[in-house]
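Engineer: Could you build all of it, start to finish, from the sequences and the hints given here?
Each chain, written out:
There are 2 protein chains.
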Amino acid sequence: MKFDDKIPIYYQIKQYIYREIIIEELKPGQQIPAIRQLAVSLTVNVNTIQRALSELIDEGVLVTQRGKGNFVTTNTRTLVKLKNDVVEAQVRELYDQLSALNISPDEMLLYLKTYINSRKEVHHD
Amino acid sequence: MKFDDKIPIYYQIKQYIYREIIIEELKPGQQIPAIRQLAVSLTVNVNTIQRALSELIDEGVLVTQRGKGNFVTTNTRTLVKLKNDVVEAQVRELYDQLSALNISPDEMLLYLKTYINSRKEVHHD
DNA sequence: TATAGTGTAATAGTAATCTATTACACTATT
DNA sequence: AATAGTGTAATAGATTACTATTACACTATA
Numbered sequence: 001m002k003f004d005d006k007i008p009i010y011y012q013i014k015q016y017i018y019r020e021i022i023i024e025e026l027k028p029g030q031q032i033p034a035i036r037q038l039a040v041s042l043t044v045n046v047n048t049i050q051r052a053l054s055e056l057i058d059e060g061v062l063v064t065q066r067g068k069g070n071f072v073t074t075n076t077r078t079l080v081k082l083k084n085d086v087v088e089a090q091v092r093e094l095y096d097q098l099s100a101l102n103i104s105p106d107e108m109l110l111y112l113k114t115y116i117n118s119r120k121e122v123h124h125d
Numbered sequence: 001m002k003f004d005d006k007i008p009i010y011y012q013i014k015q016y017i018y019r020e021i022i023i024e025e026l027k028p029g030q031q032i033p034a035i036r037q038l039a040v041s042l043t044v045n046v047n048t049i050q051r052a053l054s055e056l057i058d059e060g061v062l063v064t065q066r067g068k069g070n071f072v073t074t075n076t077r078t079l080v081k082l083k084n085d086v087v088e089a090q091v092r093e094l095y096d097q098l099s100a101l102n103i104s105p106d107e108m109l110l111y112l113k114t115y116i117n118s119r120k121e122v123h124h125d
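Protein chains in written order, with UniProt numbering: chain A, 1 to 125; chain B, 1 to 125.
Worth flagging that the hints you see were computed from the coordinates, not collected in a lab.
Some hints could be false.
For chains that are exact copies, the list does not tell them apart, and a pair is met inside one copy or across any two.
Said to hold, decoys possible - In silico lysine to aspartate or glutamate, EDC-like type, Cα no more than 20 Å apart, as pairs:
{"hint": "1", "residue 1": "Lys83", "residue 2": "Asp106"}
{"hint": "2", "residue 1": "Lys120", "residue 2": "Asp96"}
{"hint": "3", "residue 1": "Lys14", "residue 2": "Asp4"}
{"hint": "4", "residue 1": "Lys83", "residue 2": "Glu107"}
Structural biologist: In C-alpha cells:
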C-alpha cells in the first residue's frame, strides 16, 4: 500500500479499514486479518497496526476478543453512522477548501461535473 | 490560525499562501509580509515559515530579493497553473475517496448538492 | 557610516511517529 | 500438557517536524 508521507501511517490505516468496512469488503461480525498478517500485507510494523486498531476499538467500530482476534462490530447504528461521517467529512472538505478560494457552490458542482467527464473520456490509470 | 495536527504546519502554510494568492489577497508582484511578521501572525517559528517559503520560491510562486523581501511572481502562466492545480487536486481528492467507497459519479454530485443545500438552510458558523 | 528592516543559516533540544525486538497473556487444538 | 495462533505491552533507536536562539548578509535610509 502507498501512503501519503504527510499524514501518519496509523491514521491512513484507520481510514483504509473504515473503507473496507463501508464497502463490506469486511462485513459486520466478520473477523479481520490478524495483526501480524496486516503488518505484513501493509508492510508496516505491528505496533503501527496496533495503534490504528486500538483507536478503532475505542470508537466501537471493531470489537476485540483476546486470544481470538478482532471483529467488525455488528452494531448497525455504528456502521450507518460510520458511512455517513466518512462521506460527509470528504464532501465538507471539498466545500471548505473551494469556499476558501471564493468558488461558489454552483461553480463547485461544475468543477466536479467537468472532472467526472474528463475521467469518462480518457482513462489514464 | 488553527492547524490540523495530522499535517505538517509548514505544508499547511504553503497551502494558505497558495489560497491568498489565488484569491488575490496577495496580488501578482506584491510584497508579502516579512518572515518575522508572518511568524508572529501565524504564531509559529521563523524557521517553519522559512521552510514553507523556500518551497514556494523553488516552485516559482514567490520570488525573493535578499534584503528586500519576498514577492508574488508576476508570471501569469505560473499563477494560472497554480489555481488550476490547486482546484483540481481538491476535486480529484473527493473523487478518489468516494470512488474507494464504491460511490458512483452521479451519487457524488448528489452528495455535494445535498451538502450545499444543508448549508443554505441553516448556517452554523 | 550607522541603523533598521529584510532574508539566510546553523545549532540544540523536544515531541511525535515509526521501526525492531522481546516478552507476555489468552484461546483453541493436538 | 504442549503448541500454534491470537492480542497486548514495553523498550530502544531513527527520523522528521517544530521551537528557540544566535549569528550573519544584503538593502535602504537617516
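Engineer: Each of the hints needs a verdict: does it hold here or not?
Structural biologist: Now the hints, each set against the structure:
For the identical chains of this complex, Lys83 and Asp106 are inter-copy neighbours only, at 18 Å across copies versus 26 Å inside a copy, given an alpha-carbon limit of 20 Å. Proximity of Lys120 and Asp96 under a CA criterion of 20 Å is satisfied inter-copy only: 14 Å between copies versus 26 Å inside one chain copy. For the homomeric pair Lys14 and Asp4, the shortest alpha-carbon distances inside one copy (13 Å) and between copies (17 Å) are both at most 20 Å. Taking the shortest alpha-carbon separations for Lys83 and Glu107, only the inter-copy value of 14 Å comes in at or below 20 Å, while the best intra-copy value is 26 Å.
In terms of the numbered hints stated before, the structure departs from none.
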